[in-house]
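A.B. asks: So you can see what is in the structure, the chains are spelled out below.
Number of protein chains: 2
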Amino acid sequence: MKKVNIPKGTRDYSPDAMARRRYIFSTIEDVFRLYGYQPIETPAMENLDTLLGKYGEEGDKLLFKILNSGDFLSGVGDDQLHRGNIARLSTQISEKGLRYDLTVPFARYVVQHRNEINFPFKRYQIQPVWRADRPQKGRYREFYQCDADIIGSRSLLNEFELIEITDMVFERFGMNIDIRINNRKILAGIAEVIGERDRLTDITVALDKIDKIGTDKVNEELRSRGLSAEAVDKLQPIINLSGDHFRKLENLKNILSGSETGIQGVNEMIRLFEYLDNRDMKASVELDLTLARGLNYYTGAIIEVLSNDVEIGSVCGGGRYDDLTGIFGLEDVSGVGVSFGADRIYDVLHQLELFPEKVSTGTRILFVNFGREEEKYILTLLPAFRAAGIETEIYPDQAKLKKQMSYANAKSIPFVALVGENEIIKNILTIKDMETGMQKELTTQEAIRHILVANEG
Amino acid sequence: MKKVNIPKGTRDYSPDAMARRRYIFSTIEDVFRLYGYQPIETPAMENLDTLLGKYGEEGDKLLFKILNSGDFLSGVGDDQLHRGNIARLSTQISEKGLRYDLTVPFARYVVQHRNEINFPFKRYQIQPVWRADRPQKGRYREFYQCDADIIGSRSLLNEFELIEITDMVFERFGMNIDIRINNRKILAGIAEVIGERDRLTDITVALDKIDKIGTDKVNEELRSRGLSAEAVDKLQPIINLSGDHFRKLENLKNILSGSETGIQGVNEMIRLFEYLDNRDMKASVELDLTLARGLNYYTGAIIEVLSNDVEIGSVCGGGRYDDLTGIFGLEDVSGVGVSFGADRIYDVLHQLELFPEKVSTGTRILFVNFGREEEKYILTLLPAFRAAGIETEIYPDQAKLKKQMSYANAKSIPFVALVGENEIIKNILTIKDMETGMQKELTTQEAIRHILVANEG
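If you read the protein sequences in the order shown, they are chains A and B. Taking my numbering, the leading residue of the first sequence gets 1, the next gets one more, and so forth. Taking my numbering, the leading residue of the second sequence gets 1, the next gets one more, and so forth.
There may be inaccurate statements among the hints.
Intra- or inter-copy, both count: the list cannot distinguish identical chains.
Listed below are the simulated SDA-like cross-link pairs for lysine to any residue, each with C-alpha atoms no more than 20 Å apart in a straight line [as the list claims (entries may be wrong)]:
#	residue 1	residue 2
1	K440	E421
2	K8	A19
3	K8	N409
4	K411	I431
5	K217	D233
6	K402	I431
7	K400	R372
8	K61	E95
For the record, the hints were derived by calculation from the structure and aren't laboratory data. Note that the coordinates shown come from a computational prediction; the quantities given were computed from them, not determined experimentally.
Using the sequences plus the hints, can you model the full thing?
C.D. replies: Structure (C-alpha cells):
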C-alpha cells in the first residue's frame, strides 16, 4: 500500500480530539458571548499586500503563498525569470497568502466594513492560521487562534473586562493561572528617563530574564547591549521596586515624573487596578514591569497569562493597540484584545486530566442487528429515541454478536439494546449497561427515560 | 485611504451571517449526531500528490497550490526554468495544495488511520474547501461542505439512514424538498442491454435533460452523440416506464435481465424502497432513472435533493462508492455518503424567510454608562446577570445617552438598563424594553428573571 500522509506540522483531528477541542472552543466562546462579543470569520486567503510587511521581515518569510492559477509566469518578464530574483519572483507568481494570524485580517475587516460596523465593536474570531515555521514539539504550521477584541473605545473598562473574561475562562477550565500585566507607555517612560529612548527593545529583552538569571546578570547584559553605566544605574530603583501594585505605581510616578508618556502609563495602570481591586476574581493579577511581549503594535496595557501548574509558556495574552487599522489607512481606531492559545490549553488540560469525563457526546445506544425481521422491528422503534434527543444507532450489518459488541465498546457506547424474537413477542427491549454489564428488560418508553436519566447523572 | 479587499470569490462573515450559518451547521450536525456520526477535521493543506489526479484534468487545474517556502527554485534545473514547463514547474515549486473537497481527504484519512478506526466508521466533517473556479453568482472560491459518510459496510440500511437524515434535516429547516434516487448499476445495465456499454456518460447527460427538452429532443441528442438507431429504440421502453417505483423496478428487471449488474442495481433499489415505504417521511422519495450526478466514483445508489420552492439546483447529494480508498491502495472499503450544500441552503432559507427570528444570540441587556459612580455601582451588578447565563454589556465609555441607545438599537439588544443616581438610592434598575419602549423599575433579581422569561418566549 502506498504511504499516505499529511504536510509536516499539520494534524488530523479524530473524533476524541474533536470533542476535546470543541469543549475548549465552546467554553471560551460562551464567555466571550456573555460579555457581548460577536463572532466573525474571514477567508483563509488574503491578498498578499494585506499580509506583507505586517509581521516583520521574519514574518514575511513565514507566510504561505498561493501560486496564481493558470499561467502564473505570464506577468514575469524574461529578464526576471531567474534565481537571483526569488523574493520578487514569489510575489510576481503569487498574489494571495494564507492568514498568518487573526489580528491583521481583523484590521482589514474593520477598514473594509467600517460603514456597516456599530462601534465600539466587540468581535471574537476562532479560526486556524498558517505559518511556515520549522515544525517542532508544540509548534504547528496550522493551528487555531481564539481572539476577542473591542475596538473604537479607549475606556480602560475594556482592559478590565478582558481580564475578567480571562479569569472566567480559566476558572471554567479548572486551571490555576497567574495574570501578569504591564503597560507599554511605562516601558517607554523608563527608557526615556534613563536616557535610552531608542533602546526600549534591548531593555525589555534583558528585563524579561530577571526571574531566570537575576539582577546582576541582567545589568551585565544591559551594558553589553550598549546601555551606558549611568542608564543602568538609573534603572536600579525601578528593578528593585517593592510593595503592592499601588505602592509600586506611586513610586514609579515619581521616578517617571520627567516622562509624560510614562506618567500616562502609570495612571492607566492605577485606574485598571482600581477596577480589579473592586472585583473578586479567582486568579491573581500582578503588575510585572519586566513583561514586554513581542508584538510591536501594543501601545498601552499588556496582558499575559501563565499556567501555575504546567511550564508551557503563556496560555493567553493580549494588549491595547492604538493604531491597528492605521496600517490600512484608517487612523485613530484604538482597540484592545486577548488571544487564547488553544493548543497549549489542550496540553495543560490533558496533562492535568482536567477534561470533563462527559466531554464526548457520541452514540448513547446501539441496537444489535440480529437479522432481517429484528431489523425491521427495530426500525419502528428508533424514531422515538431520536425524537427524545438520544444519539441512536443500529448496527448496519447482521454481523456476529461479538463483532457488534466490540464495535459498541470501541466507540464507548454506554448502552446496547438486544432485541430478538423473545423481545419482539413481549414488546420489550433488553438494555445492557456496558459499564456494569447489567441487563434490564424495559419498554421503549422506559428505556428512553433510563438513558436520559443516565445522561444527566 | 488605501482600498482594501479580499481575494475574488471569498467572503467575510459578519455577526448576522455567522449566526445564520451556525444555525445551518448546527441543525445539520445535530441530526448527524442523532444517527451516531462523529466529527473529524483534516488540515486545509494536503500534499499535492494526495490531491492530483483525483478530480479529473479540470479539477487538477482548479487546485490552489501553495508555493514552497524558502528557495522554491532550488529543486528546479536551469533547463526547466522556462515558460514551456508551466504545469511541471508548478508541481516542482509547490508540493502542497488546498483541500478541494472533503471526500478525498477523508479517503486519505481512512487509509492513514485504518488501524485506529472502528469500522463501520460513521464520520461527519464540516469544513471549507477551495477551488480556483471563475467566481460568479452563487459560486465561490472558498465555501463550506457538510459531509456525512459511513464506510466499511455494504448494508443498504446505510443508504436508507442517510435518506432519513436528509429528510430530518430539511424538516428542521422547514424546507419542502423532493428526494430523487437512482443507482449507477442500473445505468450501467441500461447501457449494456442497449449495446452501448461505453456510452454511459453520453446516455446519462442526454437523459438528464428529459424534463427540460422532452423525449424527442433527447432521442435526437442521443443519435447526435453517436448512439445507433437500434440503441435509441431499445431505450424507449426504459424512458417510458410508468407506475409507482415498485412497478417500474419490476419492469426494469425484465428489461435488464441480460445484465447481471443491472439486475443487482434493481434489487438494491427494491430493498431500499422496502425500507423507505415502512417509514413515514416528510419528503417524497422518487426513483429517477435520469439521475446520474457528475462524480465518477459512485458505484451504487445515487441521491439528489431539490428544493420544491426555489430553483437553485440540488441542495444535497450523495451516493455509494465501492472503492474510494482504492486510490490510496486500500481496497474493498465500501462507503456511502451525503453532502449538504450550505450556501444554497442559506439562499433558500433567506429567500423564503425561514431563518428563525431568534437565530441571533447576541447581547440581551446593555447597561447605559452615565458616569464614574454609576459605572462603579453597575460593575457590582453585572456578575449576577452573567452567572444567570445572560449576555450582558456595559457601554465602555461615558458617551451621550443618544449614542449609547443607538448602539443598543444597531446591535438589536432587546433590553437596556438605566441606572442613575435615583436607581442607586432606591437599589433598583430601570429596564427599558427596546421593542415596546416600556420602562419598568425592577430589582436585580426581578430583572434577571424578566430577561430569562423573555428569552424563552
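A.B. asks: One pair to classify: K402 and I431, alpha carbons no more than 20 Å apart. Within, between, both, or neither?
C.D. replies: within (16 Å within a copy, 62 Å between copies)
A.B. asks: At most 20 Å between CA atoms: does that hold for K411 and I431 within a copy, between copies, both, or neither?
C.D. replies: within (17 Å within a copy, 50 Å between copies)
A.B. asks: Go through the copies and call it for K8 and A19: within, between, both or neither, with a Cα cutoff of 20 Å.
C.D. replies: neither (23 Å within a copy, 34 Å between copies)
A.B. asks: Pop the pair K217 and D233 into one bin, within, between, both or neither, using alpha-carbon distances up to 20 Å.
C.D. replies: within (14 Å within a copy, 95 Å between copies)
A.B. asks: My question is about K61 and E95: at a cut-off of 20 Å on alpha-carbon distance, are they close within one copy, between copies, both, or neither?
C.D. replies: Both. Shortest intra-copy (15 Å) and inter-copy (17 Å) distances satisfy the 20 Å Cα cut-off.
A.B. asks: Regarding K8 and N409, is the shortest C-alpha distance of 20 Å or less found within a copy, between copies, in both, or in neither?
C.D. replies: neither (33 Å within a copy, 48 Å between copies)
A.B. asks: If the cut is 20 Å between Cα atoms, do K440 and E421 qualify within a copy, between copies, both or neither?
C.D. replies: within (16 Å within a copy, 64 Å between copies)
A.B. asks: How would you classify K400 and R372 at a CA-CA limit of 20 Å: within, between, both, or neither?
C.D. replies: Close inside one copy (14 Å), not across copies (72 Å); limit 20 Å.
The structure is inconsistent with the numbered hints 2, 3, although it conforms to all the rest.
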